[in-house]
Amino acid sequence: MNKTIRNTSVFVLLLVLALLGRATWVQAYEARALADDRKNRRNTIAQYAQPLGNIVVAGSPVTGSERSGGGTDLEYRRTYTDGELYAAVTGYGSQAYGATQLEGIYADVLDGTDDRLKNPLDAVTRKQQEPGTVLTTIDPAVQKAAYRALGNKKGAAVAVDPASGRILALASTPSYDPSRISGTNDGAAWQELTGDEDKPLVNRALRQPLPPGSTFKLVVAAAALEDGLYRSVDTATESPDPYTLPHTRTVLRNENASAPCENATIRTALRYSCNNVFGKMAADLGQDKVRAMAEKFGFNDAGLDVPVRAYASVYPSGMDPAQTALSGIGQFDVTATPLQMAMVSAAIANDGLLAAPHMVSEVVDSDGDPLASFEDGDTRRIVSSSTAGQLRSAMVTVVERGTGTNAAVAGAEVGGKTGTAQHGENNSKTPYAWFTSYAKDPSTGKQVAVAVMIEDSGAARSEVSGNGLAAPVAQKMMAAALK
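Be aware that the sequence shown starts at 1, since it is given in this note's numbering, and climbs by one per residue.
Just to be clear, a hint being listed does not mean it is correct.
To be verified - No more than 16 Å apart at the CA atoms, straight line, and that leaves these computed lysine to aspartate or glutamate pairs for EDC-like:
#1 K199 <-> E455
#2 K154 <-> D198
#3 K199 <-> D456
What the hints assert, rightly or not - Cβ pair distances, simulated, as ranges:
#4 P307 <-> R22: 56 to 64 Å
#5 D333 <-> A459: 52 to 60 Å
#6 H247 <-> G303: 35 to 43 Å
#7 D367 <-> G303: 30 to 38 Å
#8 G69 <-> K199: 27 to 35 Å
#9 T444 <-> E192: 42 to 50 Å
#10 D301 <-> R22: 28 to 36 Å
#11 I5 <-> N119: 39 to 47 Å
Source of the hints: derived by calculation from the structure; they are not laboratory data. This one's a predicted model, so the numbers in the text were calculated from it and none came from an experiment. Backbone N, C-alpha and C fix where the C-beta goes; we use that ideal spot for every residue, glycine too.
Using the sequences and the accompanying hints, generate a full structural model.
This is the structure in structure tokens:
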């Protein structure tokens, strides 16, 4: 054979072998990666090839599906019942913009591609099964009370069952209707929502930590009682009024100059929200002890999943004594989500035990068989039973005779704590209004813990207070939960 022909034949053979090797590599090793690539249109087509599974509240679906109509190869699109009411719970499922919240976390279950939905034969053939269902812990009465009470205010509210950790309500306003962006031709609505300065797509209940103001005084009080700095909530503290921040000439004043805050007991200091008492208390304890207590309640936890990942609430480190004193009144660099402050009240209400918060009870397949279950009452001890009882007693005083009177619920034991958090350069912007509380019905045994944050109500600066803006929202939520 001609040498040139022989060399060419060998070269062609090597090319063929290389092509066969590459094809084998792609089929054997890269097939799954290519199939799962988010740019693979076939995955999106399969996702919307059949009606989606539902997210369920109290036995009724708050989601649905409808035909997409012409102009798209995606056969079905997501719909929502009371979309604005439940947007903070469901998130959105969009053919164009992806999915968030429960829609995103359980996307494979809801579109039928989760391997747990398949029998062994289906797993081999990759046959798509009927979708599953996500069952939530949300109580529609409490959710409606929260959303309606927030109204046109910019804010958020959370309600938790203290004993089980079940999230009964999760509301964020302003809200949006996820149906508006569930298709492929919703660009105008998407631009409107993402360009809105009020940020309706942000879940303020879970994912916008802000200074908690005086609601954080509950954490400082818990640290002081557990440490033994003060024997009880009725022991006089060593708290000059006015109080000068350590190593500075800055005076920490009280909102009510005539309040009996000098050397006040913890009960009186919570009742009148005395800054001097809790500023000095934090400085006396030191930042490490306050941080340790804050972290017991859940601060600085970057892995809090409910199952949606909540942003970490922060108690800072590396502070000087003056900054530590400011942290004692929920200022400086302390931040918290409404979920976090609801967890503080829940642990106090539950005799010092914090149940892990969660808003999904079960995920099931199309036959109702469980794929995943989330047990109630997964608890850990935060403070002693004695400390919890003393704090409840002091919180009741706040509602009965203090700064939280607007939270009272007829026939129920209600304890709470107001907060007004300054923000902006030199506190130039309108303060945030906070309220965290618990309520118990002695006749039925029902109980609930709540936190409300009003970021902006449109009210004048002088009219912003936790009792005036946030407590009425909490009151309506607690009343609904105890019915």
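Verification of the supplied hints:
1. K199 <-> E455: Roughly 12 Å between the alpha carbons, so the hint for K199 and E455 holds.
2. K154 <-> D198: holds (8 Å)
3. K199 <-> D456: holds (12 Å)
4. P307 <-> R22: 56 to 64 Å: violated (41 Å)
5. D333 <-> A459: 52 to 60 Å: Roughly 26 Å apart at Cβ, these two residues miss the hinted range, so it is violated.
6. H247 <-> G303: 35 to 43 Å: holds (36 Å)
7. D367 <-> G303: 30 to 38 Å: holds (33 Å)
8. G69 <-> K199: 27 to 35 Å: Roughly 30 Å apart at Cβ, these two residues keep to the hinted range, so it holds.
9. T444 <-> E192: 42 to 50 Å: The hinted range 42 to 50 Å holds for T444 and E192, with Cβ atoms some 45 Å apart.
10. D301 <-> R22: 28 to 36 Å: Distance hint for D301, R22 is violated at roughly 47 Å.
11. I5 <-> N119: 39 to 47 Å: violated (56 Å)
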